[in-house]
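> Each chain is listed here by its residues.
Protein chains: 2
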Amino acid sequence: MGTTETRTSSAAISFETDPSRYRHWKLTFDGPVATLSMDVREDAGLLPDYKLKLNSYDLGVDIELADAIQRLRFEHPEVHAVIVTSLKERIFCAGANIFMLRGSTHAWKVNFCKFTNETRLAMEDASAHSGLKFLAALNGICAGGGYELALACDEIVLVDDANSAVSLPETPLLAVLPGTGGLTRVVDKRKVRRDLADVFGTIAEGVKGKRAVEWGLVDATVPASRFKAAVLERAQALAGQSDRPATGRGVTLGPLNARESADAIVYSAVSLSLDRAGRVATLVVRAPDAPVEATPEAILAAGDQFWPLRVFRELDDAILRLRVNEPEIGTVVLKAEGDAARVLEADRVLAAHASYWLVREITHFIKRALKRVDLSAKTFFAFVEPGNAFAGTLCELALAADRSYMLNDPERPNAIHLSPMNAGAYPMSNGLTRLAARFYGTPDRVAEVLAHAGPFDAAEAAEAGLVTFAPDEIDWDDEVRLAVESRAALSPDALTGMEANLRFVGPETLETKIFGRLSAWQNWIFQRPNAVGEDGALKTYGTGRRPNFDKTRV
Amino acid sequence: MGTTETRTSSAAISFETDPSRYRHWKLTFDGPVATLSMDVREDAGLLPDYKLKLNSYDLGVDIELADAIQRLRFEHPEVHAVIVTSLKERIFCAGANIFMLRGSTHAWKVNFCKFTNETRLAMEDASAHSGLKFLAALNGICAGGGYELALACDEIVLVDDANSAVSLPETPLLAVLPGTGGLTRVVDKRKVRRDLADVFGTIAEGVKGKRAVEWGLVDATVPASRFKAAVLERAQALAGQSDRPATGRGVTLGPLNARESADAIVYSAVSLSLDRAGRVATLVVRAPDAPVEATPEAILAAGDQFWPLRVFRELDDAILRLRVNEPEIGTVVLKAEGDAARVLEADRVLAAHASYWLVREITHFIKRALKRVDLSAKTFFAFVEPGNAFAGTLCELALAADRSYMLNDPERPNAIHLSPMNAGAYPMSNGLTRLAARFYGTPDRVAEVLAHAGPFDAAEAAEAGLVTFAPDEIDWDDEVRLAVESRAALSPDALTGMEANLRFVGPETLETKIFGRLSAWQNWIFQRPNAVGEDGALKTYGTGRRPNFDKTRV
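The listed protein sequences derive, respectively, from chains A and B. Sequential numbering from 1 applies to the first sequence in this note's numbering. Sequential numbering from 555 applies to the second sequence in this note's numbering.
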C-alpha cells in the first residue's frame, strides 16, 4: 500500500515521561481514590500534521496514560481506585485521532494499536493482581478508542443527558475495526449479546441512556446533577475491595538515564547495540553486580534501583524503542551476562516476599515486560555462552526466544538454571508459563525440569529440551552466524505471522484473542483499499467525499 | 493490491462430484481399511493457466477430497480406517499449487484456504466423532499443504529413504504461511516444541528420518521395503479402535439436482435467490412436507432423502456456492418456512436414535454445515415471519445469524421453538452451543430458555433474548429494509473482521485458532507486497528472480 502511506515514523520516540511533563492527563489524589483526567492538548500531538481535537489521542497521549498507570502502582500504594474521566465539557474521548491514522504508515498503525492494547491490558492487570480498580466516569461523548478505554475499566458510568453516548463508530465511519480490544471486550468481557454487539458496532451515533445499561455497554447512567457524587461513591466502593496497603510511601520511578549513541543504547543493567546493516540487534541483560536487597525495608529503600525492577524497566524501554524506532531490525539476539548465582539469589528474595506489595508490583511488572517480548514483531534468538546469567527470572528470556543456541564446550563451563520463579510467576498472555508452553501437552516434563537441582550444562539443557541447539566450539561461530543471516533473508511479514502463531500454543485468553484474532483482522483491514486506499473510508472521512468500496466480501 | 491480481474467479464452481468423476483421487477398499490415493492430473486444474505438477493441488483437488471423506462416512460404514497416500513415485504431495496461488485474486486465495481448512477439520471430525481414523502414508516428498493434509490425520508414517522429507517451505520459499492449519497443528495438535517448529518452518528442505520422529513431526519412519506392510498394520490397528458398524450397507449421496437460473438456485428443501444489485441473497429452508421416517430401518431406506440430511446437504452446497461464486453478495437473509411441528418431530427422531450410526453421521454433518455458516464472510440476518419453521435444528440458523428480526403482530401468530437438539448437538467451532455463545457468561439463561415449554411468541422471544428485534407490523417493512440497505453500505472488509470477532465469543479451540489467528495472519500476508507484490516471493518464485523484500518488521 505504498501509495497510500505518506509518512514513515518520524524522529525516535521516547517512552519515558512523568506527571510533571504530562500534556494530556491530570492526576489528582483524594485519599484512596485518584482521578486521572484526560484533557488532550490539541496542538501537542507527537507530530505536527494533525490536531488532537475532542480528546482524541495519538501514541503520545497513550504513553502518558501508560506511565500514569505504572506510577499509580509503584508510587501510590495508598491509591485503591482510579476514576478515569475527562476535563472537557460534554466529551469524554473521541478515540484515536483519525487524521493521525490517515497519515500513518501501516507499521505505525500496527505498533500504535499494539501499545494501546498493552496499556489497556495493564489496567486490567492492575485490577486483577494489584488491587487497583478503575472506574470510567463518562461525562460526555465516548467514542471508539474512548469507549475501548472505558471497557478496560472495572465499571463504566455514563452521564444521562441528551448528548452523551458510547459508540464504536469505526466500522460505519472509517471501515476499520474497534481494534484496541473493543470487539473482544464487548462480547468476552462485558458479555454483551453478540447480535446486540453487531448492532452497536454498526451505528455511528452509538447507544445512550437506559438502552446502554440494558445491553450491558455501561453499568449505570446517572443524571448530570448527581454524576460526580455517584461516581465518587462507586469509586469508594471499588477502593474498598482493594488489598493494597492503607498507608505508606511508594517508590519513585526515576528516569532511566540511558546513554545513547548512533548504534547503541546503554542502560545500567541492559545494553542494546544495533547492527542496522545486518538488521540485527544484540540485547544484553546483566545480573546484579552485588547481592540484592533482601528485606522489604531494604527493597523499599532501594526503590527503583532494586535490581529486578531496574533491569526490567530498562528491558521494557529497550523493547519499546526497538519496536517503534527500529522497524528494519528483524532479529534480536538476547544475551545474559554476569553472576547467575546473584540472579538466583534475587529470585529467592522475590519468592520469599511475594506478598509484600512492592515485590508483588515488581513481579507483575516483570511479567508484563516479558509479555512485551512475546508480543513483539521481532525474531528473538537467545545465545547462551560461558559466563551467562540465564538463570531463573532471566532464563525466562531464553524461554521466550524463538530459538536458543547454547555453546557446548567442555573446556568452558556453560550452564543455565531454573528457579521456582519459572514455575508460575510470569505467565504468558495465554495463561501458560513459558515452560508449560514449551512442553505443551507433556506437563511431566515441566515438573521434571523444575525438580532438577542445580545447573543444566549444555548437553543436559539440550537433552531436557530447554535449548534448541547446543553446537560445539567448532560449529558455534558458523552456526549462530548462519542462523542470524538466514533469518534476515526471510520475508519480515511471513516471520511475523509465523512467530505470532508458534509462540502462543494452547489456550487462548481475552488477551491473546485481542492480539491474535482481533489485531490480526485489524492489521488485514489496515492493508485493504476499502480502509486505506485513496477512495477508502480512512482517506475520505471528513473530506465531504464518500468512500468507494470494492464490494467483494473476502 | 489490485495491480497484482490478474484474475477474478472464473465460471461458477460446483462443489458436487462423485468417485466416478474424480480426476485426482482413487478410492479403494479392503475390508475395514480404505485407501485414498492422490494422483493429481497435471492438466486437470480448475483453470487452464497452471499445471498441477508433483501432486500439487487447487480447489478442484480439495473438492474431491472433501467429497471422498463425506462419502466414506455415509456410504461406507464398514470402513474404519483410511490410508491417505499417493500413487506418484517419490512424491506424496507438493502442497497448494504456487502458480494457481500466484494468479488468484485475494478473495480466491482466502476462500481456497478456508475450504481446505474445513476439509482437514472434517477429517479430524470423522476421527473424533465417527470412528473413522486416518493414516498418512507418506511415500515420498511431503511439502506444505501436503504436510498439512498429513497433520490432519491421526498418524503419520514417512518412508525412510534418502529423498523423502516433510516440510513447510511456505515461509522461506513463498513468504506466506503454512495456512491450511499447518502452524497451529504442528504446535497445538502434534505438540512439536515451539523452537523446533520455528526451525522447521524456516528450512525449505524440511526434516526427514529419525529427526522427524524425534521432533514429533511424524510418528514413524519405515524403510521402503517394509513401508506398505507397516502402513497396513498401523491402519488395521487404527481400524480396531473404531466403533462403527462392522458390516451393513451405507447411504448413497445422490446428486442434489438443483435447478439453476440466472438469479436463483432451487433445491428440494432449500432455495436461494440472488439480488445482485442489492448485494443480498435470500436463503429459504423448508420444513418437511410430511412426517419424517422414524425408525433406523426407515431412515436407512430413505437415505439421502431423509429430510434432515437432505435439507442440510442443500444448505451446505448453497453456502459454498455463495462464498465462491457470489463474492459481491454481502448479506444473506435466512428464512425458514413450513410446519415447525414437523421439524420438532424430526428432532425427536434424531435425539431418539442418536446412537444409530447413520443418525450420528447426519447430526455431525448438520453441525459441520452450520459451522460453515458461522465461518462465512457474509452477513446473516434471520427474518422470522408468520408461518416460519425456525424450530429446534432449524432454529440454529436463526441463532447463527448476526441479527434476527421477528415480526410482532398479534393478528398473525408467529413463534419460534427450541428443542433438546439446541442443547449440545451442534457446537460451534469454539465448542459452545449457539445458545451458550448467545448467553455467554450467563448459563442460567441457557437453562431457562431450554426449559421453556412450547413456542416463544415474538414478545417472549425478544424478552428472552432469542431474537434481536421484534418490530410490529407498522415498522416491520421499513426496519428490515433499512437493516439490509444500511448493511450493504458498509465496508465489506470491516464487516468480515467485525463478524469474525463477534461470532466467536469465549473459548478458543484448535479450530477457531486456525480460522481466527492463523487465517487472519495469512490473509494479512496475502495482502502484503512481500508476498504478492511484483517483487514478492509468490511472484518471483520459479522465475529466477529473487524477491525484494520491504524490510520493515510490522
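FYI, nobody ran anything at the bench for these hints, they're computed from the structure. Bear in mind the structure is a predicted one, so any value in this text is a computation, not a measurement. Cβ coordinates follow ideal geometry from the N, Cα and C atoms, glycine included. Hints may be right or wrong, so weigh each one.
[Claimed, not checked] Sample of chain A residues facing chain B (criterion: CB under 10 Å; computed from the structure): (1) Leu36; (2) Ser37; (3) Gly103; (4) Ala107; (5) Pro178; (6) Val186; (7) Leu196; (8) Lys378; (9) Gly465; (10) Trp476; (11) Val480; (12) Glu485; (13) Glu499; (14) Ser519.
[As the list claims (entries may be wrong)] For each label pair, taking beta carbons as the anchor points, the in silico distance ranges come out as: (15) A:Glu534 / B:Thr996: 29 to 39 Å; (16) B:Ser1040 / A:Lys210: 41 to 51 Å; (17) B:Ala906 / A:Glu448: 12 to 22 Å; (18) B:Val820 / A:Glu42: 57 to 67 Å; (19) B:Gly763 / A:His452: 26 to 36 Å; (20) A:Pro223 / B:Ala905: 21 to 31 Å; (21) A:Ala224 / B:Asp817: 31 to 41 Å; (22) A:Leu87 / B:Thr996: 43 to 53 Å; (23) A:Lys189 / B:Ala906: 32 to 42 Å; (24) A:Ala489 / B:Arg577: 53 to 63 Å; (25) B:Ala1018 / A:Ala224: 49 to 59 Å; (26) A:Lys228 / B:Ser1040: 31 to 41 Å; (27) A:Ala277 / B:Gly763: 49 to 59 Å; (28) B:Ser815 / A:Glu42: 18 to 28 Å.
> Give a verdict on every hint.
Each hint, compared with the structure:
With its C-beta approaching chain B no nearer than about 28 Å, Leu36 of chain A sits outside the 10 Å limit, and its interface hint is violated. Annotation: interface hint on Ser37 of chain A violated; nearest CB of chain B at approximately 31 Å, more than 10 Å. A cut of 10 Å between beta carbons decides the hint on Gly103 of chain A: the least distance to chain B is about 17 Å, and the hint is violated. Residue-level restraint check for Ala107 of chain A holds (minimum Cβ-Cβ distance to chain B is 5 Å; threshold 10 Å).
Annotation: Pro178 of chain A was flagged as interfacial toward chain B, and the flag holds, the nearest CB pair being 8 Å apart, inside 10 Å. Hint status for Val186 of chain A relative to chain B: holds, with the closest Cβ pair at about 8 Å, below 10 Å. Hint status for Leu196 of chain A: holds, given a least beta-carbon distance of 7 Å to chain B, under 10 Å. Proximity of Lys378 of chain A to chain B holds as hinted, the smallest CB-CB distance being about 6 Å (cut-off 10 Å).
The criterion of a C-beta within 10 Å of any C-beta in chain B is met by Gly465 of chain A, whose closest approach is roughly 6 Å, and the hint holds. The beta carbon of Trp476 of chain A is not positioned within 10 Å of any beta carbon in chain B (closest approach about 17 Å), and the interface hint is therefore violated. For the restraint placing Val480 of chain A at the interface with chain B, the shortest Cβ-Cβ distance is roughly 13 Å, beyond the 10 Å limit, so the hint is violated. Nearest Cβ of chain B to the Cβ of Glu485 of chain A: about 12 Å, over the 10 Å cut. The hint is violated.
Because the smallest distance between the Cβ of Glu499 of chain A and any Cβ of chain B comes to about 7 Å, under 10 Å, the interface hint for this residue holds. The beta carbon of Ser519 of chain A is positioned within 10 Å of a beta carbon in chain B (closest approach about 8 Å), and the interface hint is therefore held. Look at Glu534 of chain A against Thr996 of chain B: about 46 Å separates their beta carbons, and that is not inside 29 to 39 Å. Separated by about 23 Å at the C-beta atoms, Ser1040 of chain B and Lys210 of chain A break the suggested range of 41 to 51 Å.
The hinted range of 12 to 22 Å is not satisfied by Ala906 of chain B and Glu448 of chain A, whose Cβ atoms lie roughly 50 Å apart. Roughly 60 Å separates the CB atoms of Val820 of chain B and Glu42 of chain A, a value that falls within the hinted 57 to 67 Å. For Gly763 of chain B paired with His452 of chain A, a C-beta distance near 30 Å keeps the hint of 26 to 36 Å intact. A hinted range of 21 to 31 Å is violated for the C-beta pair Pro223 of chain A and Ala905 of chain B, which are about 52 Å apart.
The hinted range of 31 to 41 Å is not satisfied by Ala224 of chain A and Asp817 of chain B, whose Cβ atoms lie roughly 54 Å apart. The supplied range of 43 to 53 Å is broken by Leu87 of chain A and Thr996 of chain B, whose beta-carbon atoms lie about 37 Å from each other. Taken as a hint, the range 32 to 42 Å holds for the pair Lys189 of chain A and Ala906 of chain B, whose Cβ atoms sit roughly 40 Å apart. The hinted range of 53 to 63 Å is not satisfied by Ala489 of chain A and Arg577 of chain B, whose Cβ atoms lie roughly 38 Å apart.
With their beta carbons about 35 Å apart, Ala1018 of chain B and Ala224 of chain A fall outside the hinted range of 49 to 59 Å. Look at Lys228 of chain A against Ser1040 of chain B: about 38 Å separates their beta carbons, and that is inside 31 to 41 Å. Range check, Ala277 of chain A to Gly763 of chain B: Cβ separation about 38 Å, and the 49 to 59 Å hint is violated. The hinted window of 18 to 28 Å between Ser815 of chain B and Glu42 of chain A is violated, with their beta carbons roughly 59 Å apart.
Hint violations for this structure: numbers 1, 2, 3, 10, 11, 12, 15, 16, 17, 20, 21, 22, 24, 25, 27 and 28, all remaining hints satisfied.
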